[in-house]
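Engineer: Given these sequences and hints, build the entire structure.
Protein chains: 4
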Amino acid sequence: MVQLGLIGLGKMGFNMRERLRAAGHEVVGYDRNPDVSDTTSLEDLVSKLDGPRIVWIMVPAGEPTRATVTELGNLLSAGDMVIDGGNSKYTDDKLNADLLAAKSIGYLDCGVSGGVWGKENGYGLMVGGAAADVEKAMPIFDALRPDGPREEGFSHAGDVGAGHYAKMIHNGIEYGMMQAFAEGFELLEAAKVVKDVPAVIKGWQRGTVVRSWLLDLLVRALDEDPELDDLEGYVEDSGEGRWTLEEAINNAVPAPVISAALFARFASRQEHSAAMRAVAALRNQFGGHAVKKAGG
Amino acid sequence: MVQLGLIGLGKMGFNMRERLRAAGHEVVGYDRNPDVSDTTSLEDLVSKLDGPRIVWIMVPAGEPTRATVTELGNLLSAGDMVIDGGNSKYTDDKLNADLLAAKSIGYLDCGVSGGVWGKENGYGLMVGGAAADVEKAMPIFDALRPDGPREEGFSHAGDVGAGHYAKMIHNGIEYGMMQAFAEGFELLEAAKVVKDVPAVIKGWQRGTVVRSWLLDLLVRALDEDPELDDLEGYVEDSGEGRWTLEEAINNAVPAPVISAALFARFASRQEHSAAMRAVAALRNQFGGHAVKKAGG
Amino acid sequence: MVQLGLIGLGKMGFNMRERLRAAGHEVVGYDRNPDVSDTTSLEDLVSKLDGPRIVWIMVPAGEPTRATVTELGNLLSAGDMVIDGGNSKYTDDKLNADLLAAKSIGYLDCGVSGGVWGKENGYGLMVGGAAADVEKAMPIFDALRPDGPREEGFSHAGDVGAGHYAKMIHNGIEYGMMQAFAEGFELLEAAKVVKDVPAVIKGWQRGTVVRSWLLDLLVRALDEDPELDDLEGYVEDSGEGRWTLEEAINNAVPAPVISAALFARFASRQEHSAAMRAVAALRNQFGGHAVKKAGG
Amino acid sequence: MVQLGLIGLGKMGFNMRERLRAAGHEVVGYDRNPDVSDTTSLEDLVSKLDGPRIVWIMVPAGEPTRATVTELGNLLSAGDMVIDGGNSKYTDDKLNADLLAAKSIGYLDCGVSGGVWGKENGYGLMVGGAAADVEKAMPIFDALRPDGPREEGFSHAGDVGAGHYAKMIHNGIEYGMMQAFAEGFELLEAAKVVKDVPAVIKGWQRGTVVRSWLLDLLVRALDEDPELDDLEGYVEDSGEGRWTLEEAINNAVPAPVISAALFARFASRQEHSAAMRAVAALRNQFGGHAVKKAGG
Chain A
1 MVQLGLIGLG KMGFNMRERL RAAGHEVVGY DRNPDVSDTT SLEDLVSKLD GPRIVWIMVP
61 AGEPTRATVT ELGNLLSAGD MVIDGGNSKY TDDKLNADLL AAKSIGYLDC GVSGGVWGKE
121 NGYGLMVGGA AADVEKAMPI FDALRPDGPR EEGFSHAGDV GAGHYAKMIH NGIEYGMMQA
181 FAEGFELLEA AKVVKDVPAV IKGWQRGTVV RSWLLDLLVR ALDEDPELDD LEGYVEDSGE
241 GRWTLEEAIN NAVPAPVISA ALFARFASRQ EHSAAMRAVA ALRNQFGGHA VKKAGG
Chain B
1 MVQLGLIGLG KMGFNMRERL RAAGHEVVGY DRNPDVSDTT SLEDLVSKLD GPRIVWIMVP
61 AGEPTRATVT ELGNLLSAGD MVIDGGNSKY TDDKLNADLL AAKSIGYLDC GVSGGVWGKE
121 NGYGLMVGGA AADVEKAMPI FDALRPDGPR EEGFSHAGDV GAGHYAKMIH NGIEYGMMQA
181 FAEGFELLEA AKVVKDVPAV IKGWQRGTVV RSWLLDLLVR ALDEDPELDD LEGYVEDSGE
241 GRWTLEEAIN NAVPAPVISA ALFARFASRQ EHSAAMRAVA ALRNQFGGHA VKKAGG
Chain C
1 MVQLGLIGLG KMGFNMRERL RAAGHEVVGY DRNPDVSDTT SLEDLVSKLD GPRIVWIMVP
61 AGEPTRATVT ELGNLLSAGD MVIDGGNSKY TDDKLNADLL AAKSIGYLDC GVSGGVWGKE
121 NGYGLMVGGA AADVEKAMPI FDALRPDGPR EEGFSHAGDV GAGHYAKMIH NGIEYGMMQA
181 FAEGFELLEA AKVVKDVPAV IKGWQRGTVV RSWLLDLLVR ALDEDPELDD LEGYVEDSGE
241 GRWTLEEAIN NAVPAPVISA ALFARFASRQ EHSAAMRAVA ALRNQFGGHA VKKAGG
Chain D
1 MVQLGLIGLG KMGFNMRERL RAAGHEVVGY DRNPDVSDTT SLEDLVSKLD GPRIVWIMVP
61 AGEPTRATVT ELGNLLSAGD MVIDGGNSKY TDDKLNADLL AAKSIGYLDC GVSGGVWGKE
121 NGYGLMVGGA AADVEKAMPI FDALRPDGPR EEGFSHAGDV GAGHYAKMIH NGIEYGMMQA
181 FAEGFELLEA AKVVKDVPAV IKGWQRGTVV RSWLLDLLVR ALDEDPELDD LEGYVEDSGE
241 GRWTLEEAIN NAVPAPVISA ALFARFASRQ EHSAAMRAVA ALRNQFGGHA VKKAGG
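Chains as they are written, first to last, in our numbering: chain A, 1 to 296; chain B, 1 to 296; chain C, 1 to 296; chain D, 1 to 296.
Wrong hints could be hidden among the right ones.
[Stated by the list, open to error] No more than 27 Å apart at the CA atoms, straight line, and that leaves these computed lysine-lysine pairs for DSS-like:
(1) C/136 x A/89
(2) A/195 x C/136
(3) D/11 x D/119
(4) A/94 x C/195
Hints listed in this document are in silico derivations from the structure and should not be mistaken for laboratory results.
Structural biologist: Structure below.
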């Protein structure tokens, strides 16, 4: 059994602490919210761990993660290790690793998938960093990953950054898969040839080519709300989809499906986009086509 | 100078009659609306024309055009000719031509572009049918088409149907061009790096690669309403875009731009699409991501 | 145990006969290939079945299926039933059902998913037709579908045509999912940030959001050929993707992901498409940009 | 008449010098190629200009432009001005302006459109920077821009960077327009309903909605090569399309047409993309569908 510091006890971090403790590991958790925190400060957290320490960061990507790494750099000692398990951009990892390496502190980046179900099912993990560091943290990874063969729920993807890179691409694929199901659902709803749409989708869970966890979740959602009309078609995006598209640009890789899925989310948050007002204006100009007047 | 029967005096037909008369041709127009009609019935129209007659149909595509062709088949005589200048699907033309050919009545299909500006600028014409029939109707085409070399505003595209086919593809391209300008406009509006968006777009009218009639119309629209916020981003589509995409499917031709332009119109008419409600539901299922409750 | 006539013993039909027989049902199979056929003709097949008969058609969609239905209409008796399990277009089903109904022969359409794995795993089934007919054929469906709860591998989707409609949409979704994985794979390959691409993809099989049967198959393919370079990126399409896009057009449903997946297949089969030659020509015209001369 | 230093005498710069001289301005041009250069070094160029000097840079974007700005910063004097007319990314402009401002040297960025035709037709210009600086350079802009009203071929788009931003969006639109024409051309070629494709496209030049300079260029290309089969469908991209898509991502603006046009170029340069090999592999795995073996 190992000892772990865990910073960030939100939806993901909180559940991960549960899963790690259920596996018998000792977890000292820190969160700004004292109701869930085991300790009062990062300094206190570090003091409660025996060296060589492993500290897992599970805070929002960008500035919060960066600040936490910086602070840990000041608190930890040579031979300790930091793992960033948040949804960081892979280019941040090199900066973090370099900052810590200057103090002989190790660094791994770990993409974590599985959402709120991870506590029960385990988390899919993609790790970047040095093999020796990965080896040191393996008991943690083994506790977090799903049961079954390690290589089916865990990968050492490459050097620092490769874990988050793999997670980013994972999420890009996820965007495309979700949009594929979404388009199929809308077509079934619109055409009304299929009478019992939820039954058809439920019936895809076994034997079909599209069987998948996302399909299982769609079935679950339809069980709760058969026409999904309790909610608005307003969809946020969280970074990885955009970064995946940036990678497509940078590598000259066509990504029509992933970009379409991302743009559908952008469009879902717009009312009367400037683009479509321009198309309406053009049609009105050349054809005298009727337009809907705003506020009309 | 020739004599022409013209059926359908809506936005397009009315203006075409004006342009033809201005060119010195005799036009007997019929419309269900007596305020604009020169005659009381198709029968009356036919009786007012000397043979061999040419009758131009300018009524909505589909059933109305089909019914008009059928009725003309009963009223006209061998050696007469019908021209369908409406936005018919090219597959309708073969049916029309065969029906009329059985009575030795000629048939041409003519795609007409130019919108409300055609009266002044002339109409771009794409014609399908037999060369001899095209020759007979050439004075009409010459009056309707823009000034300048005939081959720059008129084409004999091929056999019956080819005129409407060419017009369909023209409109598919038009969809793509409009959407390209629309996306550019939205980007300029959103990013706010450019301070004077209408000035930039106006400045593209000369010397640039994107100079075009659609750009001129966008400038005109922005002159009237600099942020295009007097109208909603709600855009109809009128058939040709859909048919173009069907042709892409039938011929295994990738048409990502034309389809994207068509889908943007579809989406512009939706609120809370089933697809995006499905994506929101999935995100909620796996990540516990917040959703906007309908009516919330 | 029931008795079934099965016409068409190709990859799918052959395996279905095996699965049905393993479940204890009596199957009389017919195929033009005498090596696999149990009988010499449709006439002979019909004579070997006790009434009321059930005959399952598993031949190519379109003309072959239509011809088989017509022939069965002449051979079967009132009270018999035909099930079309092929990949027919849903609009064909009404024609088939009407033809057979005129002779008091029942008709069901059944979308069948699962490919070559169905023999072992069972087939996902989506059925259209009258409830009483579905009930009669349920022992067959129960033998073909996967183990587990019936409603997770079988659905009665609606009236005649709804089974094939559901299968068509299923395949449209499948196109989108495959393309999503494909884009992700290409990005991983291109960027080279991830060192061991097959390991990362294998590691997605448990715990992640993208876990799915298609992912399992991708892992299997990568086990056999880690860079997938034993084969060409030339991909056929088989009808359902095109029909799904037609439905999107007909119902004004945006389908950017499914269309992108279809167009990627179209493009995969082209060399030097006319479209991209046109773009190259335009760039050359305005910018003097170098072009690659054909055959150069 | 004014005096101008012009650095970079490639396809664009060379022609601009011609147009400026034809308008009566004095141009001292520098290029690394002594055959076209008026002077032997930047130092020499600067020495040949009377103060306050205006120096126009027309060298490749990125490092070459940056190096030239830096060198000019060392050679020019307070009150002089630099104009970057190359295809720089708009974010570079702030860096350039700041570098020069530290020495009291002014800076404008100018997007220049028009390609090889600009010498004759004039160049579409989009300028970013301070109004006073724009005023000083106006004689230059007036000589370079097309004849006609200034505001139709020139815009002061905003602060430093806005000129290149406007040019970037212009090029994004251009990508979409070109792809729209390209798809239409391919559809006409593929369907063979239209017998004389070049005649139809030529006939779109007057009166139609799609009339545009790009269409004129397509007509010109088809006049030279009616099926465009002298060249390969291999299309480069030059930066602005990618940057436009990055802006779409950064501003959450859906850009399905511009991205599709960019991806079509990426795909045009691939043979057997990893993505389509993955789709082929998946189809083979689940369906036993035949694949084309590489090198087969």
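Engineer: Please name the hints from earlier in the document that this structure breaks, with their numbers sorted from lowest to highest.
Structural biologist: 1
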